[in-house]
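Chemist: Chains as they are written, first to last, in our numbering: chain W, 425 to 826; chain Z, 425 to 826.
Think of the hints as simulated: they come from the structure by calculation, not from any bench. Note that the structure is predicted; figures quoted are calculated from it, not measured. Among these hints, one or two may not hold up.
One copy or any two copies: either way a pair holds, since identical chains are not told apart in the list.
As the list claims (entries may be wrong) - Restricting the straight-line Cα-Cα distance to at most 20 Å, the calculated cross-link-like pairs of lysine to any residue (SDA-like) are:
id, residue 1, residue 2
1, Lys429, Leu510
2, Lys705, Gly493
3, Lys823, Arg513
4, Lys429, Asp505
5, Lys437, Gly489
6, Lys823, Leu510
7, Lys437, Ala702
8, Lys623, Met766
9, Lys524, Ala826
10, Lys524, Arg476
11, Lys710, Ser786
12, Lys567, Asn470
13, Lys473, Arg795
14, Lys437, Pro469
15, Lys823, Ser491
16, Lys644, Asn707
17, Lys710, Asp689
18, Lys633, Asp689
19, Lys623, Pro554
20, Lys429, Glu806
21, Lys567, Thr465
22, Lys719, Pro457
This is what each chain is made of:
2 protein chains.
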Amino acid sequence: MDLHKLIAPLLQKNDTKIVLYVGDGLGGLPQEPGGKTELETANTPNLDKLAREGVLGSSIPVAPGISPGSGPGHLGLFGYDPVEYLIGRGALEATGIGFKLEEGDVAIRANFCTVDSDGNITDRRAGRIPSEESKPLVERLAKEVSIDGVEVIVKPVKEHRFVVVFRGPDLGGEVEDTDPQRTGVPPLKAEAREPGSEKTARVCDEFVKQVRQLLSHEEKANCCTLRGITGKPSIPSFEEVYGLHAAAIAVYPMYKGLASLVGMDIVGDAQSLDEQVALMKENWDKYDFFFIHFKYTDSTGEDGDFDAKVRRTEEYDAAVPAIMDMHPDVFIATGDHSTPSMLSSHSWHAVPTLLWAKNCRSDGAESFGERQCLTGGLGQFEAKHLMTLALANAGRLTKFGA
Amino acid sequence: MDLHKLIAPLLQKNDTKIVLYVGDGLGGLPQEPGGKTELETANTPNLDKLAREGVLGSSIPVAPGISPGSGPGHLGLFGYDPVEYLIGRGALEATGIGFKLEEGDVAIRANFCTVDSDGNITDRRAGRIPSEESKPLVERLAKEVSIDGVEVIVKPVKEHRFVVVFRGPDLGGEVEDTDPQRTGVPPLKAEAREPGSEKTARVCDEFVKQVRQLLSHEEKANCCTLRGITGKPSIPSFEEVYGLHAAAIAVYPMYKGLASLVGMDIVGDAQSLDEQVALMKENWDKYDFFFIHFKYTDSTGEDGDFDAKVRRTEEYDAAVPAIMDMHPDVFIATGDHSTPSMLSSHSWHAVPTLLWAKNCRSDGAESFGERQCLTGGLGQFEAKHLMTLALANAGRLTKFGA
Chain W
425 MDLHKLIAPL
435 LQKNDTKIVL
445 YVGDGLGGLP
455 QEPGGKTELE
465 TANTPNLDKL
475 AREGVLGSSI
485 PVAPGISPGS
495 GPGHLGLFGY
505 DPVEYLIGRG
515 ALEATGIGFK
525 LEEGDVAIRA
535 NFCTVDSDGN
545 ITDRRAGRIP
555 SEESKPLVER
565 LAKEVSIDGV
575 EVIVKPVKEH
585 RFVVVFRGPD
595 LGGEVEDTDP
605 QRTGVPPLKA
615 EAREPGSEKT
625 ARVCDEFVKQ
635 VRQLLSHEEK
645 ANCCTLRGIT
655 GKPSIPSFEE
665 VYGLHAAAIA
675 VYPMYKGLAS
685 LVGMDIVGDA
695 QSLDEQVALM
705 KENWDKYDFF
715 FIHFKYTDST
725 GEDGDFDAKV
735 RRTEEYDAAV
745 PAIMDMHPDV
755 FIATGDHSTP
765 SMLSSHSWHA
775 VPTLLWAKNC
785 RSDGAESFGE
795 RQCLTGGLGQ
805 FEAKHLMTLA
815 LANAGRLTKF
825 GA
Chain Z
425 MDLHKLIAPL
435 LQKNDTKIVL
445 YVGDGLGGLP
455 QEPGGKTELE
465 TANTPNLDKL
475 AREGVLGSSI
485 PVAPGISPGS
495 GPGHLGLFGY
505 DPVEYLIGRG
515 ALEATGIGFK
525 LEEGDVAIRA
535 NFCTVDSDGN
545 ITDRRAGRIP
555 SEESKPLVER
565 LAKEVSIDGV
575 EVIVKPVKEH
585 RFVVVFRGPD
595 LGGEVEDTDP
605 QRTGVPPLKA
615 EAREPGSEKT
625 ARVCDEFVKQ
635 VRQLLSHEEK
645 ANCCTLRGIT
655 GKPSIPSFEE
665 VYGLHAAAIA
675 VYPMYKGLAS
685 LVGMDIVGDA
695 QSLDEQVALM
705 KENWDKYDFF
715 FIHFKYTDST
725 GEDGDFDAKV
735 RRTEEYDAAV
745 PAIMDMHPDV
755 FIATGDHSTP
765 SMLSSHSWHA
775 VPTLLWAKNC
785 RSDGAESFGE
795 RQCLTGGLGQ
805 FEAKHLMTLA
815 LANAGRLTKF
825 GA
C-alpha cells in the first residue's frame, strides 16, 4: 500500500502544530528477565501523565526482527517506507557530516589506504591514520584535485575516512566499490552497473589517479579507495507528501542531514535540549511540524550503561513540560529504534510510542514504558504509519471515500 | 516487502542453535464462551516457565480469517510467504507420501475410476476401492506403463488415490485436470495451459491410454483421472535464504516432505517424540536449526476430542526439558495453525507462540496460552516474520542501513 498516494487526496490544511519528539534508541531491555527496562526504571512523571491522557503503542521500525540503522529508523518515523526509500552509504556518510546533497550529486565514502611501489594495497585503512593527520591531506585534495566539467568536493570525516561528492551533469550513482577488500592487490577500477553511470566511473578513476599523484610522497596514506558510490536519494518532501512546513531541531549533524533529505528546514545550531526547546519556542509560529531529536538515550545504550540511559531518559522527560507549554495539538514521544544497554547496540525490539492529542482514544495506560505499550491503543504498528496517525489527530486528513 | 531480499545482506554466521518446536494445530477454542482452550486447560509447567522468561505473541498463518492447510501453515513458519510460495496439489500429494521430488518433475494426484464400454465414467472414485485392492493395481502400473523418453513413477496413496510422477526433459507443470467432475462422460483430454507444457499433456494422455489398456479386464477400477498436475515448487532453501544448516525431525511423511521442499535434511526415522528428541541430541552438533514436528495436537483436534488434545498438549510440554537441556540459543514453541477440537478442523484463529532467547524482551506473561499471548510482546504477527525474529534473537542479523 502506497501510504503517500492514499493520503494525498485527503490532506487538508489547518493551523495545528505537531511535535515529533524522538528519544533516539528509546526502547530497551531489563537487566534480568522480568525486570524493568531503562524507560520503565526512569522516573518520567511528565511522560507518564501524557500516557494516562494519550494513547500508547509499540512501533516496529522496519519489520519484526530487523534492527535498523539511524537512516531507516528515522525515515520510518517520518512516514517513508524504509525499505522503499533507501539511502546509499555514500549519501548517508555525506548526510552524517551535515553536507547538504543536491539533486544529481554523487556521494562517496572514501578511505585513505597505503599502496606499495607496484600500486598494490598494503593497508586498506592507512593504519587508521589519526584525524589530525588525515585532515590536512583531505584539505590538499579539496584544493588540488581538478576534473574537467565536474565539481569535486572533499570533506574530512574521521581517521582514514572522508567524503567525496562529484557535482555536474550526467553523473549516475550506480558504480561498484573500488575497495578490493584485501591487501596485495591494487584498488579496483570503477565499474558502472548501468550505462548512465559510465561517466561517474571514469570520474572516480581520474580522482583516484590524481590522489595517488598528489600523495605519492606521503608515508602514512598515499592512495584511497571509494565505497558506497551513490546518488542523492530521491525522496519527496514533507511539504509535498503531508502539506507540512517542517522544522528539524537537532544537535548532531546526522539527524539534521536525515531531516534535510525529507525537506525539513534545519533550524538553528542548538547544543543542548534546553537550547532546542528554546529554538522551538522562537520558531513556534513559523512551522506546522517540529522534529526534535535527543541523542543521548541512544549513545548511553550503545555504551552499555543502563544507569546512564535511565538518567538520560529522565532528562528527555524533564523537557516535556516546556514543550507542552507551547500547546501542540499532537505530541508524539518515541524512538527510531531500541538501543538496549544490555546489547550495547541498536536492536530489533519494538519501540515504545506515546501519542497525545485531544481526540486520541486513551487506553487506560498508567505510565510510559514498554510493557504498558503492549496493551496500548495503537497496538503494534509499523513506524511508517505514525505520520498518518499524527495527521489524523491534527485534523489534517478528510474522509477516504464517500 | 520481500523479507528474504531484505535479510540477505544482513545475515551473519555464528554457532547459535535455533529450535522450532511445532505442535501441529496447537491453537484451540474453549468448550463454552469464557472457558479455557485446550492449551489453557493442559498442565504445561515447562512451557509456562519459558513463557515467564520469554516473549509471547499470536501468529497469523496466512491472513486474518484464513484457515491454512499443512503446506501454507508450515511454509509460513519456515518464513516463506505462503501466498507467494504455492505448492501445487500434485506436489503436495507426492510430498505427503514422503516422495522426494526432483527439479523438473511433474507430480499428479491420480484417482482410479470406472468407465463403461463407451469410455464414459461410471464412478469417479472407483467405489472408493480399498487400499489393499488398489495397491496391486498401482504396482502393476508402476511395472508396465512405459512412455518413450519419460520415467514414469507410480506410488499408492490410499483407496482410489495414487501419485504419478513424470521425470524427463521439457516437462512443464501447467496442465488442466482430466477429471470432468461428473459421470456419463469420458475423462477429459489433457490440456496444456502454456506451450511449454504441451509435452506433459501428451504424456498424460498416453499414460491414461495405457492405464485403460492394462486395466481393461479389471472390474473395480479400469481407468483413472489426473488432477493437480504440477511441477516441483521452486523454493529457495533454508541454507540459501538464512544461511542455516537445518534438520527436520518428524514422524509423519507430510512434514518430512514439506521440510525437504525448503532444503532441510530429514534426520532419522523417529516413531515417537522421545525418539525425536533423542535424534535431536545425537545430531546437535551437526546443525544450526532444528524443526521438530509433533502431530497429535492436530489429529486429536481433528477428531474433535478436547480431552485427548489436552493430554497430547501435556505430552508436547513434557518433552520441553529434554530439549532445553541441549541449551538452544533460541527456542520457539508454536503451531502451523489452530485446530480447535470444537471445530474438528483446521481454523483461522491466531496461533499461540512462545519465543525464548537470552535477549528477547519478556512481557510479564504468567503462562503459555491463547489469552496470555494476546498481550504478549510479539503482538499479533504474520507467521512469516517468525524466522526473522529467530535469526535476530540468535544474533544472526546485522543492522539494516547505517
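Chemist: The structure should be examined with respect to each hint, and the outcome stated for every one.
Modeler: Evaluation of the provided hints:
{"no.": "1", "hint": "Lys429 / Leu510", "result": "both (18 Å within a copy, 14 Å between copies)"}
{"no.": "2", "hint": "Lys705 / Gly493", "result": "neither (30 Å within a copy, 38 Å between copies)"}
{"no.": "3", "hint": "Lys823 / Arg513", "result": "between (39 Å within a copy, 13 Å between copies)"}
{"no.": "4", "hint": "Lys429 / Asp505", "result": "both (12 Å within a copy, 15 Å between copies)"}
{"no.": "5", "hint": "Lys437 / Gly489", "result": "between (37 Å within a copy, 16 Å between copies)"}
{"no.": "6", "hint": "Lys823 / Leu510", "result": "between (31 Å within a copy, 14 Å between copies)"}
{"no.": "7", "hint": "Lys437 / Ala702", "result": "neither (26 Å within a copy, 48 Å between copies)"}
{"no.": "8", "hint": "Lys623 / Met766", "result": "neither (47 Å within a copy, 61 Å between copies)"}
{"no.": "9", "hint": "Lys524 / Ala826", "result": "between (43 Å within a copy, 18 Å between copies)"}
{"no.": "10", "hint": "Lys524 / Arg476", "result": "neither (41 Å within a copy, 49 Å between copies)"}
{"no.": "11", "hint": "Lys710 / Ser786", "result": "neither (30 Å within a copy, 44 Å between copies)"}
{"no.": "12", "hint": "Lys567 / Asn470", "result": "neither (52 Å within a copy, 69 Å between copies)"}
{"no.": "13", "hint": "Lys473 / Arg795", "result": "both (16 Å within a copy, 19 Å between copies)"}
{"no.": "14", "hint": "Lys437 / Pro469", "result": "neither (33 Å within a copy, 43 Å between copies)"}
{"no.": "15", "hint": "Lys823 / Ser491", "result": "between (34 Å within a copy, 5 Å between copies)"}
{"no.": "16", "hint": "Lys644 / Asn707", "result": "neither (48 Å within a copy, 51 Å between copies)"}
{"no.": "17", "hint": "Lys710 / Asp689", "result": "within (11 Å within a copy, 56 Å between copies)"}
{"no.": "18", "hint": "Lys633 / Asp689", "result": "neither (38 Å within a copy, 52 Å between copies)"}
{"no.": "19", "hint": "Lys623 / Pro554", "result": "neither (33 Å within a copy, 69 Å between copies)"}
{"no.": "20", "hint": "Lys429 / Glu806", "result": "both (17 Å within a copy, 19 Å between copies)"}
{"no.": "21", "hint": "Lys567 / Thr465", "result": "neither (52 Å within a copy, 74 Å between copies)"}
{"no.": "22", "hint": "Lys719 / Pro457", "result": "neither (27 Å within a copy, 32 Å between copies)"}
Comparing the model with each numbered hint stated earlier shows that hints 2, 7, 8, 10, 11, 12, 14, 16, 18, 19, 21, 22 do not hold.
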